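Participant: Each chain is listed here by its residues.
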Amino acid sequence: MPYAPPPRPSLDSLPQTVSGSDWDVCVLRSSAQGTALGSNSNIRPFGMSDKCGDAFAGRPDQYAAVRSNAVPHNDLALQLRRYFSNNLTAVDLYTLTKTNTNINKLKEGNVGAQLWSAYVLCASQKKDAVRLTLEQIDVIKRICRKYPEFELVSSAKAMSISDKIACLISVEGGHSIDSSLAALRMFYELGVRSMSLTHNCHTPWAKSAVAGSGNQNDKTASLTQFGKEVVLEMNRLGMIIDLSHTAVDTAEMVLKLSKAPVIFSHSSAFALCKHPRNVPDKLLRLVKIKESLVMVNFYPDFVACQKLANISRVADHFDYIKKIAGYKSIGIGGDYDGASRSRRCVKISCTN
Amino acid sequence: MTQNTGETQQLWSAYVLCASQKKDAVRLTLEQIDVIKRICRKYPEFELVSSAKAMSISDKIACLISVEGGHSIDSSLAALRMFYELGVRSMSLTHNCHTPWAKSAVAGSGNQNDKTASLTQFGKEVVLEMNRLGMIIDLSHTAVDTAEMVLKLSKAPVIFSHSSAFALCKHPRNVPDKLLRLVKIKESLVMVNFYPDFVACQKLANISRVADHFDYIKKIAGYKSIGIGGDYDGASRFPQGLEDVSKYPALIEELLKRNWLEKELKAVLRNNFLRVFFRVEEVKQELKNLPPSEEEIPYQEVQNSCRLNLKNPFPSMNKSQRKGVAPIFITISTIITSITVQHFN
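Chains A and B, in that order, give the protein sequences.
Just so you know, the first sequence maps onto residues 3 to 354 in the working numbering.
Just so you know, the second sequence maps onto residues 270 to 614 in the working numbering.
Pulled out of the complex, with its shape left as it was, chain A reads as follows (with noise of 0.2 angstroms):
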């Protein structure tokens, strides 16, 4: 499991001014995969990003308290293709600029571990997803293996006693699978310890929220059959189920049905901010039930359902999230890296 980090400390204080929103349109994004190409992210404390000022300056105390807990999701793996067509020999993870994401801002964000997302597009659900996936996963294998500052886990013991930057390898959308219970189990050999059921497209067997979000005519089954066989296969392996992208009701029959703790690794509250990617309160309080774990994603659409956001709005967010299912059911989800490449700072503070 995720660790889920203790209450923010007072961040009144931080700056909350907020950049121009500009999401940069990717170019392998399309509308007809949602908003996000990416779904997880490279989370960092509040406050920080790549180019923007270090709102922890001279509050070491606030940087120790991150360090310990924060589990971002990572999207790192999926820049690296669309860049350099996971060629590392042509990176310098120390140092690249061209994503948020490197091992320096990582050191200086106190991060403790990732969740490496191993995202393949929609677009291939039906062709080569399996053999895409199993190339995401050997390009994170092969950073966390490349870089000393790294450690590969597999385990919660591990993840936990690790004195590096332990990473986790997750897989972001089941038509990873190519709806085959084999393929999962060999995903989980190779160290793949969650796996979320949908992205932004269904699959044969479990529901989007996006994909057939305000379609009346979509019939697609919530979680067929064979969806209850992934799940129940995920608790038996030991594999985290990840929620986030998946209909509501899909959302609901797993909650019910699994007999682990799941996750929404990077999404917010419906009551906040009516998007078919937050969680409504009856999940949040299934949530509670079960002990699982919500996640909060900061993208503005989704915290404030406008492009602008700021750092009081994402916070609500928390707030709302520990009032109706308390604080043990709270993560932080960011989704930075995934949903764009824009060298400014979207969603917090900025100094540029």
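The hints are all genuine.
Calculated lysine-lysine pairs in the DSS-like style (CA-CA distance at most 27 angstroms, straight line):
| # | chain 1 | residue 1 | chain 2 | residue 2 |
| --- | --- | --- | --- | --- |
| 1 | B | K580 | A | K100 |
| 2 | B | K291 | A | K128 |
| 3 | B | K322 | B | K557 |
| 4 | A | K221 | A | K284 |
| 5 | A | K128 | B | K580 |
| 6 | A | K148 | B | K424 |
| 7 | B | K311 | A | K230 |
| 8 | B | K580 | B | K393 |
Okay, the calculated bits of chain A under chain B, using three or more residues with CB under 8 angstroms as the criterion:
| # | region |
| --- | --- |
| 9 | 88-96 |
| 10 | 112-126 |
| 11 | 130-142 |
| 12 | 186-193 |
Hints are computed from structural coordinates only; laboratory data are not their basis.
Please read all numbers here as calculations on a predicted model, not as lab measurements.
The C-beta atom is built at its ideal place from N, Cα and C for all residues, glycine as well.
Since the structure of chain A is already known, use the hints to place chain B on it.
Facilitator: Chain B only, in chain A's frame:
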């Protein structure tokens, strides 16, 4: 299909149909690897191994996984690496179909117009990456010229996991003398296939005919170059007296009658394969400072409708294309549609 390397070892073949090439070969291969692992874990007589040492000391039936055809990796070195991580320790470069980077013996056989490259640049990368990983290269099913290039290129010894002697039966699946001589020089291995079509060039065969291949290869390449291929559960028919995996002793008896020495028989049954496997691992150690290969197969060599073009995954969404082309296209298609509608009305 399984190839027996000795009484207590099995090289389990994770094979998927050539028809799955350019479709779902990768997923199907994962499913075959999965089923092999499940068998070998379910039954206590088996032990999954993934190193020469584990194989040599196992007191159970040691299970080694091999992939039967390069189409399984879908021209991806990352997929090859991930198969290795799953325990695959051997791969045939082709089965009965060409890959985009290597030529199959049977697929192009007799076809003068087949201009398939024996081994492309990417194919050479596959060979070297297999050397770097410590995965045994299997040349059964590959074309002779491909096999020759690989024998010369590979830094580690290779195997023909189930092929027989071309001189005794001129079938494209068999190994001609020039390759047998290379096999000897490269300390590689030919594991004799029992299939009557390969040992006798006809539907029927007997133990003696199979033993002829052992004798012949020993003569050309030495006893250290021979192993037992078998091809049980892969081929459809077997020689009289060698109908299934319990019949190996009959072959050994025949070879003993032909004055094979005990050390030669032990070599054939077990030691030759282990020698090759150990050496493949040594080469891996020698190459340990090489980084994983990031070579990609050129898109034009591999493009097909089931392969997403990552440089342009949404061609219909490309706005710049749409601007110039769309109005003309729409106009023409409208005209064609209206003509067609009128025609069918």
